[in-house]
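Given these sequences and hints, build the entire structure.
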Amino acid sequence: MTNSNVNPITTALAWCQGWGDHREPQFAPEVLQNMRQALNNGEEVSIQVRSLVDQVKQLQNISPKYFPNTIQELQEQYAELWNQQTKVGLVYGGATKIKQYVFEAAKLSDIRGASALLDRINLIDIPAFFGHYDQGVKKSLTVEKWLKDNFPNLSNALIPELLIYYKGGNVLAFCPAALVDDLANAIERRYTEETLTANSCAVGQTFDLLEVRFGLLNNAENFWLDSYLKSNNYQNPLVESYFGSCKDTDGKTKSQQKLREAFAERKNFNELVTSLAIAFNQRRAGNVARDRPSRAYPPIFETHPYLVRDESDRRSAIFQAKELGDQPRMSEALARKRLIGQVAKRDANRQWYEKIGFDWVSRNEQIDSWVKKFTKFIEDSSSKLPYPQDLNIQETLSLREIGQISNGFVGYIYADGNNMGGYIQKYIQTPEQYRQFSDDIFEATEQSAYYALAQHLQPEIVDREMESGHNRKVLVHPFEIIAIGGDDVLIIVPADKALAIAETIGEKFEEILKSKGRYAIPEGKKPTKNSFQRYQNGYIKPSESILSTSLGVLITAENTPIYYAENLVNQLLKSAKEKAKYLKAKHGYHGGTIDFLSMKSVTMLSSNIKDFRKEGLTKENLRFYAAPYTLHEIGGLIEVVKTLKKANFPRSQLYQLRNLLENGKQTAIINYRYFRVRLKDGQSELKEHFEEAWCSAKTNDGNLAPWMSTDQKDAKDRTIYETIWRDLVDIYDFVEDTETVSEEMLEEVNS
3 MTNSNVNPIT TALAWCQGWG DHREPQFAPE VLQNMRQALN NGEEVSIQVR SLVDQVKQLQ
63 NISPKYFPNT IQELQEQYAE LWNQQTKVGL VYGGATKIKQ YVFEAAKLSD IRGASALLDR
123 INLIDIPAFF GHYDQGVKKS LTVEKWLKDN FPNLSNALIP ELLIYYKGGN VLAFCPAALV
183 DDLANAIERR YTEETLTANS CAVGQTFDLL EVRFGLLNNA ENFWLDSYLK SNNYQNPLVE
243 SYFGSCKDTD GKTKSQQKLR EAFAERKNFN ELVTSLAIAF NQRRAGNVAR DRPSRAYPPI
303 FETHPYLVRD ESDRRSAIFQ AKELGDQPRM SEALARKRLI GQVAKRDANR QWYEKIGFDW
363 VSRNEQIDSW VKKFTKFIED SSSKLPYPQD LNIQETLSLR EIGQISNGFV GYIYADGNNM
423 GGYIQKYIQT PEQYRQFSDD IFEATEQSAY YALAQHLQPE IVDREMESGH NRKVLVHPFE
483 IIAIGGDDVL IIVPADKALA IAETIGEKFE EILKSKGRYA IPEGKKPTKN SFQRYQNGYI
543 KPSESILSTS LGVLITAENT PIYYAENLVN QLLKSAKEKA KYLKAKHGYH GGTIDFLSMK
603 SVTMLSSNIK DFRKEGLTKE NLRFYAAPYT LHEIGGLIEV VKTLKKANFP RSQLYQLRNL
663 LENGKQTAII NYRYFRVRLK DGQSELKEHF EEAWCSAKTN DGNLAPWMST DQKDAKDRTI
723 YETIWRDLVD IYDFVEDTET VSEEMLEEVN S
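The opening position of the sequence shown corresponds to residue 3 in this note's numbering, with each subsequent residue numbered one higher.
Bear in mind the hints are in silico, worked out from the structure with no lab data behind them. Backbone N, C-alpha and C fix where the C-beta goes; we use that ideal spot for every residue, glycine too. Don't take each hint at face value.
To be verified - Cβ pair distances, simulated, as ranges:
no. : residue 1 : residue 2 : range
1   : 518       : 711       : 30 to 40 Å
2   : 244       : 445       : 27 to 37 Å
3   : 250       : 35        : 47 to 57 Å
Said to hold, decoys possible - Think about it this way: if two alpha-carbon atoms lie no more than 27 Å apart in a straight line, the pair counts; the simulated DSS-like pairs of lysine-lysine are:
no. : residue 1 : residue 2
4   : 581       : 510
5   : 147       : 357
6   : 682       : 581
7   : 531       : 576
8   : 256       : 528
This is how it looks when you write it as structure tokens:
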């Protein structure tokens, strides 16, 4: 067991120093293992390695506030560390072009399998190189044997403490200096051998021990803080591109103290990671560096033009799985995706694969689907969440089953963190902080998704189409989690719950990070007013975490091609992130944003969403939409829909008002007021939740509804107006109250 008071990074650095600069360790393996055990237990190390450990501890004990003014000061203050010749290796790598691999297949089962296979490599196989296994994960003898057979030197050189992070889709780890290329090659080879077609990339570099604390030191000019401040070098455009602008927001030159802080923020462990990231991008682009070929383990496939292709139409088919209902033609790469998808879903119908005679044995490895992890989350949460846990609930097998719950429509939700790179650049400066940050973000991402699903969904009964051709009623978890990794989430849910789930994911993400006590918004950066929030009803909860997430939500028919839906929801996510960036820069808003599109009336777009809105939903200075929204605003939008339904607002008038928007601002205002005063019930509710909450005039007591004025101007310097009315109509059929599983439903399933 590792002593909780012992820093694992200390053990990792001591291990690299103890191993030395060669492929074989400079000390006997038992000496290094005893050192590791002693460090983890807080005990004295042997005399053989004590000087090395003392140097590492000296490095770790340097005050975070200390920063030398000159290189000479650093050399004199830490002469022993400066003269240390043993390098420390650092490796960074992972899968690339992930969406291309996951979404090249059209069927959900193959997409699910591709995602699960990448997750298994990233979350189980790569950590297993280091002998690290998360709680509940069985030890993988297969991976350990594979590593020993293919990279024998790595087997004894890697220990769990070397891992810095691996849960964000990429891995960052220390490594003995002489073995960085071996580890990088092992990562790339594992991805290629397991997936056959997924792209991956890994790079490694070696650094001095002191560079772990103060960033890159080996430059010919000895460029340091004194050189940065001398002769106004900080004004050099090249220097500014590296260390940041020398100007404050008011355009004046920063003070000497702020310039010192800007330099120090760059010169730390993060600079080493940046160096690796640059090398990673260069290798991914095909550039050859040092003695490594650009593609160490390229996949090789038959490309004869007249051979039958598999279902993805990418590779030659080698068999037809007649045992499966759709009798697909498959290549080996596609077969692995389908098989892993079945393993993750606990589908026992795998005879088709066994008949082929492949020697790939990864199907025997333990693979838990995200839904399985969701059920464990529910169990650990006991009675805190309204989601049942003692029922025989199965996982959905197709989008059709999810679509049954919401009249043939499903909702794609794609979430991604805001300003993660900027936060890392400014606040993450040590390996310990990298490890902590990675764990915190993954926990917040995963648990916010699980919480939102449990909060808004209940198990549902669906008609499952069996291979016999008959239908059978089954109780299912009404969602599909495609991927959770780092700060990304991609899930598919019933359309009528999509917006509420997205809102809760964003709110819970911030709440979890706030509870960590490490992500508070610095004083002076919090917004002082909430006037930028267009929905002014109710309590406007202030942002309390410096990090947040933006989400794209696409509501579409269940038979919409998944690759097409993924492309659209990705565009919506980018739009939401642009809105978050704008609100942060202009108003200091650090919270999440949501953009959505309902494709009930529009089945396909001939252009991208941005062009569609510009050309089809904009007329002069009028925008017939108001997306994207803040989290508070999306909650207000849902409330307006509920108010309209409660008031029995005639649906025909909803559509008529939407169509009248194009006739101009005044016409829409007059028609709205005419329809509103004729309502028998709900006038006061509509006035409170729509007119006063959304459409209040900013400079007088005039009536703008259904329009809202913005702080933007068009090319003719006219105020731009927007409206939520079209958005209301688009989601009107997709806002429902939460239902529970009734006793009658359970009896129907059990019968």
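Tell me, which hint numbers fail for this structure? Going through the list in order, the structure violates hint 6 alone and respects the others.
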